[in-house]
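Undergrad: Whenever a hint applies, use it, and build me the whole structure from the sequences.
6 protein chains.
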Amino acid sequence: MNRPSGRSIDQLREITITRNFTCHAEGSVLVTFGDTKVICTASVEKNVPHFLRGTGQGWITAEYGMLPRSTGDRMGREAARGKQGGRTVEIQRLIGRSLRAAVDLKVLGENQITIDCDVIQADGGTRTASITGACVALVDAITAMREQGIITGNPLKHMIAAVSVGIYQGTAVLDLDYAEDSNAETDMNVIMTEQGGFIEVQGTAEGEPYSRIELDQLLGLADAGIQTLIEKQRVALAL
Amino acid sequence: MNRPSGRSIDQLREITITRNFTCHAEGSVLVTFGDTKVICTASVEKNVPHFLRGTGQGWITAEYGMLPRSTGDRMGREAARGKQGGRTVEIQRLIGRSLRAAVDLKVLGENQITIDCDVIQADGGTRTASITGACVALVDAITAMREQGIITGNPLKHMIAAVSVGIYQGTAVLDLDYAEDSNAETDMNVIMTEQGGFIEVQGTAEGEPYSRIELDQLLGLADAGIQTLIEKQRVALAL
Amino acid sequence: MNRPSGRSIDQLREITITRNFTCHAEGSVLVTFGDTKVICTASVEKNVPHFLRGTGQGWITAEYGMLPRSTGDRMGREAARGKQGGRTVEIQRLIGRSLRAAVDLKVLGENQITIDCDVIQADGGTRTASITGACVALVDAITAMREQGIITGNPLKHMIAAVSVGIYQGTAVLDLDYAEDSNAETDMNVIMTEQGGFIEVQGTAEGEPYSRIELDQLLGLADAGIQTLIEKQRVALAL
Amino acid sequence: MNRPSGRSIDQLREITITRNFTCHAEGSVLVTFGDTKVICTASVEKNVPHFLRGTGQGWITAEYGMLPRSTGDRMGREAARGKQGGRTVEIQRLIGRSLRAAVDLKVLGENQITIDCDVIQADGGTRTASITGACVALVDAITAMREQGIITGNPLKHMIAAVSVGIYQGTAVLDLDYAEDSNAETDMNVIMTEQGGFIEVQGTAEGEPYSRIELDQLLGLADAGIQTLIEKQRVALAL
Amino acid sequence: MNRPSGRSIDQLREITITRNFTCHAEGSVLVTFGDTKVICTASVEKNVPHFLRGTGQGWITAEYGMLPRSTGDRMGREAARGKQGGRTVEIQRLIGRSLRAAVDLKVLGENQITIDCDVIQADGGTRTASITGACVALVDAITAMREQGIITGNPLKHMIAAVSVGIYQGTAVLDLDYAEDSNAETDMNVIMTEQGGFIEVQGTAEGEPYSRIELDQLLGLADAGIQTLIEKQRVALAL
Amino acid sequence: MNRPSGRSIDQLREITITRNFTCHAEGSVLVTFGDTKVICTASVEKNVPHFLRGTGQGWITAEYGMLPRSTGDRMGREAARGKQGGRTVEIQRLIGRSLRAAVDLKVLGENQITIDCDVIQADGGTRTASITGACVALVDAITAMREQGIITGNPLKHMIAAVSVGIYQGTAVLDLDYAEDSNAETDMNVIMTEQGGFIEVQGTAEGEPYSRIELDQLLGLADAGIQTLIEKQRVALAL
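Chains as they are written, first to last, in the UniProt record's numbering: chain A, 1 to 239; chain B, 1 to 239; chain C, 1 to 239; chain D, 1 to 239; chain E, 1 to 239; chain F, 1 to 239.
If you are wondering where the hints come from, they were derived from the structure by calculation, not from laboratory data. Honestly, I wouldn't trust all of these hints.
Given that identical chains are not distinguished, each listed pair holds provided it fits within a single copy or across any two copies.
[Unchecked claim] With a cut-off of at most 25 angstroms between alpha-carbon atoms, the simulated DMTMM-like pairs for lysine to aspartate or glutamate come out as follows:
#1 K106 x E206
#2 K46 x E78
#3 K106 x E185
#4 K46 x D73
#5 K157 x E231
#6 K83 x D73
#7 K157 x E206
#8 K157 x E185
#9 K157 x D181
#10 K106 x D181
#11 K232 x E208
#12 K106 x E208
Keep in mind the model is a prediction, meaning the values are calculated, not measured.
TA: Laid out in structure tokens, this is it:
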């Protein structure tokens with residue numbers, strides 16, 4: 001089997017992580033997984049949702065969007081249509097849930113960090129790129145909060161990163177681009193910690209069901225890919 | 001570890017599947033997983049979404065709702081608030097995707113089956129009960145289509161069923177009720193075919209990340225539970 | 001004239017009232033008028049709308065919905081379309097207004113009871129079945145409030161019930177089913193108290209105007225039907 | 001009992017009907033019932049709703065609105081809030097239904113007449129003023145259609161008019177203004193034809209239930225009032 | 001060049017300003033620019049938007065609407081469509097901004113005046129008629145506030161008025177009606193104070209770009225027209 | 001007077017225009033006016049709005065958005081709030097109108113070009129940067145259409161560019177950044193062609209009215225600035 005990109009089956013696309021991409025947000029990262037490019041910002045707000053007021057606990061939430069022409073055909077702008085589509089809602093819930101699993105919300109105090117992931121160019125894997133970039137923006141926002149004295153402790157429990165894996169033409173491959181993703185038999189998104197713990201696994205059979213053996217192959221590829229991604233996050237953060 | 005319900009760790013709640021629960025739909029099932037009760041209907045329409053017209057292929061879609069007082073506290077009615085919440089959207093996308101994986105859409109012809117899953121009483125596991133009940137309603141709808149001569153072949157590829165598993169107080173358990181689900185460390189929904197293939201695996205760490213060993217335990221419990229559920233579907237359908 | 005159902009002109013359909021139909025609501029009733037089946041729940045909230053805060057007075061409000069396949073053809077889900085239709089709004093305003101007329105809102109204190117009427121199967125007369133069932137759910141909710149010490153007095157002024165009457169093929173008939181309702185010349189909904197007082201009369205000429213004589217016949221049928229319905233409510237409540 | 005306005009119990013407010021109030025609509029009427037002022041327009045469109053295409057039958061529909069400061073306190077603009085309130089929906093459905101009962105939709109051909117009733121000043125009875133004025137606008141629109149050769153026959157079956165009656169301080173009175181309406185024990189809207197047939201009766205107990213004797217008194221007042229209103233419509237139309 | 005109306009190039013249409021047009025609002029004006037007729041009301045509320053609370057400063061905001069049949073073809077009602085169109089939003093922002101420039105918001109105290117401009121008949125220039133009429137309604141509302149002791153000083157800094165100018169068939173003309181407006185090469189709206197200061201200039205090339213010479217001609221016409229309009233406002237207000 | 005940025009009163013910020021910024025759109029430009037950064041894409045669609053079908057004429061439309069954290073404080077995402085704000089609507093109408101004035105819509109055939117301007121970092125002047133960048137994206141899209149044989153002629157009539165001018169601390173200045181814009185007495189946006197014709201002038205007094213002399217100064221500054229911008233567009237396009 002030859003991947004359209006010529007990559008080996010366990011090879012990530014070229015990954016770049018650019019911090020301070022825009023100037024206003026406490027954390028602002030441009031992350032690229034090959035031709036997939038996402039701006040991830042982390043915004044600090046001294047306020048929490050209603051259900052947390054008075055609990056001393058903070059919150060992390062996320063919103064996701066795609067520029068209308070980030071894709072091959074122009075998509076209608078969700079703001080103009082007046083509602084976010086089901087896919088958008090699903091992705092932003094995943095991003096928020098994943099990043100909440102990376103921090104101790106009690107150490108965050110009654111502050112909220114809002115993650116915005118806006119895709120400016122899409123070529124598959126936008127949700128995994130978003131989570132991987134957002135974690136770096138989150139670290140920068142936490143650093144800013146500590147420098148400003150908003151919090152004293154470090155709420156970060158562990159770095160997290162995300163990658164897609166899938167069965168393409170019968171073979172398990174890592175980090176699918178759009179050419180692969182749109183033809184994959186199985187598509188799986190995996191989010192893990194730097195220690196190798198699972199935050200989320202979502203594996204969907206697009207055509208035929210997948211077997212336990214395939215599932216194990218996919219998780220193996222994902223594990224290795226995520227460790228590489230976390231290394232790149234650390235380099236970007238100079239940790 | 002004692003489960004709140006006194007069940008053993010690999011024990012499903014009492015499952016009932018009542019066909020022909022209401023009179024208008026081509027398939028109408030009341031499914032109960034213990035105190036979780038869901039009405040699943042399958043409605044046949046001789047029409048397909050725009051993107052399928054002229055392809056000869058059919059479609060299955062799903063909608064999900066909860067009666068406002070299906071839960072302990074009354075939830076706002078989504079029709080009154082003017083939009084479906086993120087959780088609703090996520091669940092109905094999952095139901096539709098899963099059932100599409102059970103049928104050969106080409107054999108369905110240019111017809112659409114709409115699955116409605118409406119929770120009248122909730123006690124955890126509403127999405128897995130929905131999928132398990134909806135598959136029975138789907139079979140009844142397919143039978144009706146064949147009897148009416150709308151289609152000639154049988155589009156059903158295999159029965160599917162769904163169950164939740166999770167880590168509760170450090171132990172992997174099957175089919176969580178609300179008391180467990182709201183306190184679980186990890187929550188996983190598994191949808192499988194009667195042959196044991198995976199349609200969807202969604203596992204989320206609610207607190208600490210979960211390990212590979214825990215993931216394997218959860219999949220093992222799910223596999224056994226699903227085979228029991230499919231047996232109950234077959235009994236209900238007198239297959 | 002023969003009614004499609006073979007009933008006599010002053011004969012109600014078979015009426016059943018099942019209390020405690022679901023487990024979470026303070027009042028939960030399944031009411032059936034023949035093939036029309038409605039789940040009516042009454043939910044207590046220690047809060048009132050903004051315009052009543054500080055007045056010491058309570059409120060009763062109602063919401064109404066139909067499951068998409070409660071009808072012969074599947075109706076679009078209002079939550080998915082993003083708004084409640086005009087018919088829904090009209091019916092839920094009628095239900096709320098009628099039940100408010102059954103209670104002394106001052107004795108209710110600053111508490112709100114929300115009535116949800118969800119039609120799971122429709123065969124005409126869903127609004128009158130809803131009101132008749134909701135009044136029983138309301139009584140149960142009031143009893144629960146008194147048992148929990150939320151209120152001390154009894155805010156219920158009188159039982160109310162509702163029934164439809166209409167001119168079908170030139171003859172006044174009681175409790176129209178769908179076959180009659182969709183062809184009736186005049187359709188009237190009547191809500192009355194156990195003492196025979198009128199809460200609401202809504203009579204609409206669907207085709208030709210109706211005469212004063214016909215109006216009198218309709219009110220006579222409704223009066224008798226409502227007394228029977230209230231007797232059935234009392235039996236269900238063991239009053 | 002003294003009415004706040006000093007009127008006798010069976011006395012209408014001063015009624016004026018001004019045709020051709022604005023210049024674009026096929027029918028345009030300013031109707032006033034005392035201080036209640038409504039602009040009623042009838043717009044002809046050579047098109048019908050989807051469900052009537054190909055049937056040869058026409059349609060009449062209505063929309064209702066209030067200018068934000070038509071009332072004592074400014075009401076939020078429905079266009080700005082993004083939805084029509086329940087009261088608006090209920091009223092416009094009543095107006096449309098009533099006027100459809102005045103015409104033979106088959107004679108209308110596949111044309112639609114849209115009635116717009118916009119309240120510029122409110123003092124009670126806006127829906128009955130709307131229907132009374134709209135019937136005149138409708139007649140003008142029908143005349144225009146006949147003059148333009150859009151239709152040949154006369155679809156008008158009979159003039160209709162509407163009036164409110166109610167129990168105010170224990171006495172049945174005709175044509176309630178806001179001072180009465182906001183304190184009435186019972187409020188009833190009656191729509192009748194020039195021949196005395198009923199199109200719609202809607203009577204609501206706002207406080208105590210009303211008796212059959214009171215209902216009869218209210219219908220008697222309404223009948224007389226409506227005959228006067230229809231006479232005023234005829235004068236305005238020079239019929 | 002002959003104007004369709006026969007007016008000279010610097011001639012306004014017939015202007016009327018009728019105060020106290022409706023009875024509830026603190027200021028209520030019917031303004032007509034020829035066949036364009038707008039009801040402008042000013043409503044006083046002892047409250048300000050969130051961002052002004054505690055600042056001691058007031059606010060003026062505006063909303064604009066057109067009755068559905070104010071135009072040659074019936075327009076869909078914005079309340080029914082569920083959103084205000086772009087043109088509406090643009091116009092009401094312009095009206096609000098212009099009137100805020102006429103008053104000292106600090107002298108207004110923490111009070112809000114809401115301007116509603118509702119077009120009952122349209123023939124071009126609805127936004128300029130709206131602003132011109134609204135300024136008179138605003139003065140009446142301010143007078144009412146002072147009489148009621150809500151404020152002590154006079155927040156009005158200067159009268160303002162608005163007029164449209166444009167290039168029609170190559171010639172600069174004043175106060176375009178619909179016949180001109182829909183064919184103009186350039187359309188400009190000018191809002192000025194009684195002292196001749198500019199509040200807003202909005203000039204748009206509909207076809208070919210316009211030159212500096214044309215711009216100067218348009219501003220000259222507008223200046224003269226606005227002084228006439230302000231004189232008419234003064235007469236109406238008996239200033 | 002010293003400008004916060006130290007610029008002279010007639011000095012633009014540093015302007016950059018980067019073509020082919022993203023890979024999918026027919027035209028894709030990153031434009032920066034100092035710290036204001038906007039992605040402008042032009043998307044070609046072989047289709048026109050309903051009102052143009054069969055006319056042989058094309059259309060240009062525009063949509064505008066800001067990433068939530070493009071600004072100092074995070075703004076709510078319009079897609080999540082379910083509607084575009086008034087400012088957004090106003091700006092995207094201005095962008096669309098301006099670009100339509102740059103092309104001969106007849107030469108475009110029945111094709112639509114959609115301009116998306118998405119602000120990734122804001123520091124004042126986002127609408128003028130958007131128009132200036134969008135014109136370059138438009139030229140690239142037109143070139144692509146000609147290369148693909150979609151059109152044969154060149155619909156571009158002239159380049160256009162836009163700049164803001166304003167009165168800041170009593171002095172007319174060119175190209176206001178946020179520090180100036182948020183404190184300016186008068187704010188004016190000017191859109192002109194390469195030949196010096198006006199497409200649009202929008203000048204608003206934020207505080208005191210502005211005089212004719214000030215207006216003339218502002219137009220003078222804008223004229224010079226726009227010629228510089230058009231030169232930069234030409235360099236970017238290698239024209």
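Undergrad: Which of the stated hints cannot be reconciled with the structure, identified by number in ascending sequence?
TA: none
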